[in-house]
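Asks: Each chain, letter by letter, is given below.
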Amino acid sequence: MSAAPAEARFSAIADQVLEAASSGGAGQAEAFFAHGRELTVKAFEGEVESLTSAESQGVGVRVFTDSRMGFAYTSDLTADGVRRVVAQALDACRYNEPDEHNGLPELTSPDDLPELVAADFDARSVEDRVAMALELDRLTAAQDPEVKRTAGAVYSDERGRTELYNTRGLRAAFDATVAYAYVESIAERGEEMQSGFSFTYARSASGLDLEACAVEAADRSARMLGAAQVGSRTTSVVFEPWAAAQLIGTLASSISAEAVQKGRSLLAGRLGEMIAAAAITVVDDGRRADGLASRPWDGEGVSTQQTVIIDGGVLRSYLHNTYTARRDGSARSTGNASRGSHKATPELAPSNLVLLPGSEPAGALLRRMGDGVLISDVHGLHTVNPVTGEFSLGISGFLVENGQLATPIREMTVAGTMLGLLQSVDAVGSDLRFMVGGAFVGAPSLLVRDLPLSGA
Amino acid sequence: MISPDAATAALERALRRGGDFADCFVEQRHAASVSMEDSRVERVQAGTEQGAGIRVVSGLTTAFAYTDDISQDGLLRAAEAAAAAARGGAEGSAVIDLRERATASQPVAMPPDEVDTSRKVDLLRRADEAARATSGDVRQVTAMFAQGVQSILVANSDGTLARDRRTRVRMMIQAVAARGNEVQSGMEAPGAAQGFEFFASGAEAERAAREASERAVLLLDADPAPSGPMPVVLGNGFGGVLFHEASGHGLEADSIAKRASVFAGHVGELVASPLVTAVDDGTVDTGWGTLRIDDEGVPTRRNVLIEEGVLTGYMFDRLRARQDGRDSTGNGRRQSYQHIPMPRMTNTFILPGLSRVEELIAATPYGLYAKSLGSGQVNPVTGDFVFAVTEGYLIENGRITRPVRNATIIGNGPAALKKVDMVADDLEISPGTCGKEGQSVPVSVGQPHLRIAELTVGGTRLAGGVQM
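If you're matching them up, the sequences are chains A and B in order. Mapping the first sequence onto my numbering, position 133 (from 1) lands on 133, and the numbers just tick up by one. To get my numbering, take the position in the second sequence, counting from 1, and add 1000.
If we strip away everything but chain A, and leave its shape as in the complex, we get (with noise of 0.2 Å):
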């Protein structure tokens, strides 16, 4: 690994956790600083409603005493506040049980990932990015008679370094950088209104397409006008690219190496088995360029990777961090450490989660389908059950006659288990795109057979 870089902004702070630690007793101690700068804009019917900017910054202190862990946080970097936060960690030591697996990876040497920053971050004004905003909201507003206006456009950037250091000698930092917007339009008719979201990201504004997100959050509103409930039936279904990948996104729980050692994995004792169609195929990948939750390491230090989870049906892998990797005793961390910021401890989660994409086009898939019913957005993810996989969710869509779109319908549910649903996919489409999530999800349009739908 590089050794932190010169410009290291907590490398001084860092050096006093480590000793505050290591002087009160710590066998081992980490400290993990995160800082971020940001710039966010929302924009509302052609005026500014804010504009946010700000600077935060803290560090997440684990120390290990005797096989115990303990963690504290903190945003008060005075010799005080680090005093203060190495005190309740060693604190917290004394009460959590010992566990032999528990500690401090073994010191590697990771590959940077330098595109994860724009080079061109800064180009652009503070007055040319309020300005992204704006026209967001104007074009979303400008593209059917239908769409009058929006519920708001957002536009957001931000720089955010990762240092992490510990008393194994890592000493590690990087950069990277995001710009997003998205745009939620509204379609009236009458008494009725139907709303439509999409949004945009790249590492910097100048990779954002203001008018595919205007155009597709406006299509996606308008297309919904004159929804009604239809009757329950069991049915051949399309899940379009980001209801599928917000489903898969529901497995995030279930393939944790944890939660299959504590036994509340649906996965737990399947490897090697056939648990989905052939046409699966999943994996866990830290280093895309293109995935926002790409990084050269994980919030232990240890190398992100590439690993595949579900190889055409099969379950290959689970992931893992140090600690699971240790208890399992024959696995790897696969670099999974996750750390939302430096108040969370490293938890196993997936970084970017994709189901890889066929080779057929979603208008395909719909024709092989006939009749059945197009999933434009699923609702109420958070209730699939992590322990069973089943799941009862709001769906809206169409119905499809012949390969085609027909009627809008709302107030429907779709009902199953994920090991079911998985297991009855006919074919996966070419459209692969990502949602936010919890991790970062893709997926392509997935043609389902047989699933019980609930209305009127």
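What the hints contain is simulated information worked out from the structure, not anything from laboratory work. Virtual Cβ for every residue (Gly too), placed ideally from N, Cα, C. Warning: the hint list may mix true and false statements.
Said to hold, decoys possible - Only pairs whose alpha carbons sit at most 16 Å apart, straight line, appear in this in silico EDC-like list of lysine to aspartate or glutamate: (1) 262(A) to 1037(B); (2) 1258(B) to 47(A); (3) 262(A) to 45(A); (4) 148(A) to 45(A); (5) 262(A) to 1042(B); (6) 148(A) to 216(A); (7) 262(A) to 1038(B); (8) 1258(B) to 45(A); (9) 1418(B) to 1307(B); (10) 1418(B) to 1269(B); (11) 1258(B) to 188(A).
As the list claims (entries may be wrong) - What the simulated footprint calls covered on chain B by chain A, stretch by stretch (three residues with Cβ under 8 Å from a Cβ of chain A suffice, anywhere in the stretch; the number is not a length): (12) 1012-1022; (13) 1361-1373; (14) 1380-1387; (15) 1422-1432.
Here the structure of chain A is known, so what remains is to put chain B in place on it, guided by the hints.
Replies: Just chain B, lined up with the frame of chain A:
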């Protein structure tokens, strides 16, 4: 935290390029939690967050900056950033005259940060044992105790200076039951805006643990839920989440001002069944959403939203109240100093009616008793909602017959309000976390048992008997 002089200087700096209004919100938050899984203490952790958010409002435009550096220099830098963002205003020279308003302090008998961690571990052990003792089918128990103490100071250019300290404690207990290949889970999460005294006796932890286990075990024997339109009896307490999500958000003044609510322009009109009276009350004793002052320094109060079916008012923060030429209703809330305040609910509930719960069941020939709801999702534009039923029973011939699992209820908020045809007398209020535009705040939801004449139930059992 900071001196009134420091706040005054920051506000004057914030308004130096003009603006109608400025405020400064300083916060220090100490949080700690202990969790247990596999009957072992798993995570003991603690943390401190502090910082300040400074905003300048010009018309309907908010310029906002936040920092975690609450030194005088840090505040002035944030004020300068907010002033710079408040572009286009005339140069101003505001004179701020802060007057501190006394706020009654929250009565806390046992400040949680003064209670030894070992007592919290004991509490988890009691919950763990109670959950496992409930049934031999319970295989796994996860229990967590969390505490938070948030100290705030609000100062604004109208001269308000107010402080508050908010203490909350909560537990989360999840039980997993298994029999053969069947696995089910149940969850309970009691909490209060109180100190450790709320849990000190252990009785509340044990009650919640038993309830979580009983629910998980019950579901092992449950039938697939029916589907299709039918009458639904909603449980009291957390059942109120349906009103909160599907109607409450539409009564927040920002969604009204943005014409994103079906309730816009309907004050004085019948928008619900005459059986429905709904209030938002930030003063409820120890309620999870209770505050003495909101995050803009305005004292909280009881606001009647719907009275016997008639829409009586909305919930306002300062910005939307100013826009409407009226006073804030004490609903200006924010997740933290890193967030801009918005109109938000506090403790929101439907008042009790005259029926008894037995009468609601007896009057239902066939339907669903949704005793316990999970969280749900609502499209704020259309009002369409979906909620998971975490404990449900079939009602047949006026009697509760069999437990059912994996049901959801789906409908439209304003339409459902009009279809309420019976309201029981057993109001209860439950804690929850409310998310809006990326900000989470603690709230209570509540209601007595009530019946909705027709909602769509989405289960796996279709009328034709097909199952999956």
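Asks: Taking the hints in turn, state whether each one holds.
Replies: So, going through the hints one by one against the coordinates:
1. Taken as a hint, the residue 262(A) and residue 1037(B) pair is honoured in the structure, with Cα atoms around 9 Å apart against an allowance of 16 Å.
2. Only pairs whose Cα atoms come within 16 Å are accepted, and residue 1258(B) paired with residue 47(A) is accepted, the gap being roughly 12 Å.
3. Restraint check for residue 262(A) and residue 45(A): not satisfied, since their Cα atoms lie roughly 51 Å apart, outside the 16 Å limit.
4. For the given pair, residue 148(A) sits about 10 Å from residue 45(A) by alpha-carbon distance, which is consistent with the 16 Å threshold.
5. Distance restraint check for residue 262(A) and residue 1042(B): the Cα-Cα separation of roughly 12 Å lies within the 16 Å cut-off, and the hinted pair is therefore satisfied.
6. For the given pair, residue 148(A) sits about 15 Å from residue 216(A) by alpha-carbon distance, which is consistent with the 16 Å threshold.
7. Only pairs whose Cα atoms come within 16 Å are accepted, and residue 262(A) paired with residue 1038(B) is accepted, the gap being roughly 8 Å.
8. As the CA atoms of residue 1258(B) and residue 45(A) are separated by approximately 9 Å, the hinted pair is consistent with the 16 Å bound.
9. For the proposed pair residue 1418(B) and residue 1307(B), the alpha carbon gap of about 13 Å is at most 16 Å, so the pair holds.
10. Taking the CA atoms of residue 1418(B) and residue 1269(B), the gap is near 12 Å; set against the 16 Å cutoff, the hint holds.
11. Restraint check: the Cα-Cα separation between residue 1258(B) and residue 188(A) comes to about 14 Å, which is no more than 16 Å; the hinted pair holds.
12. A stretch counts as covered by a chain when three or more of its residues have a beta carbon under 8 Å from one of that chain; for the region 1012-1022 of chain B and chain A the count is 0, and the coverage is violated.
13. Coverage of the region 1361-1373 of chain B by chain A is violated [criterion: at least 3 residues with CB-CB distance below 8 Å; count 0].
14. Here the region 1380-1387 of chain B counts 7 residues with a CB under 8 Å from a CB of chain A, which clears the bar of 3, and the coverage holds.
15. Counting residues of the region 1422-1432 of chain B whose C-beta lies closer than 8 Å to any C-beta of chain A gives 0; at least three are required, and the coverage claim is violated.
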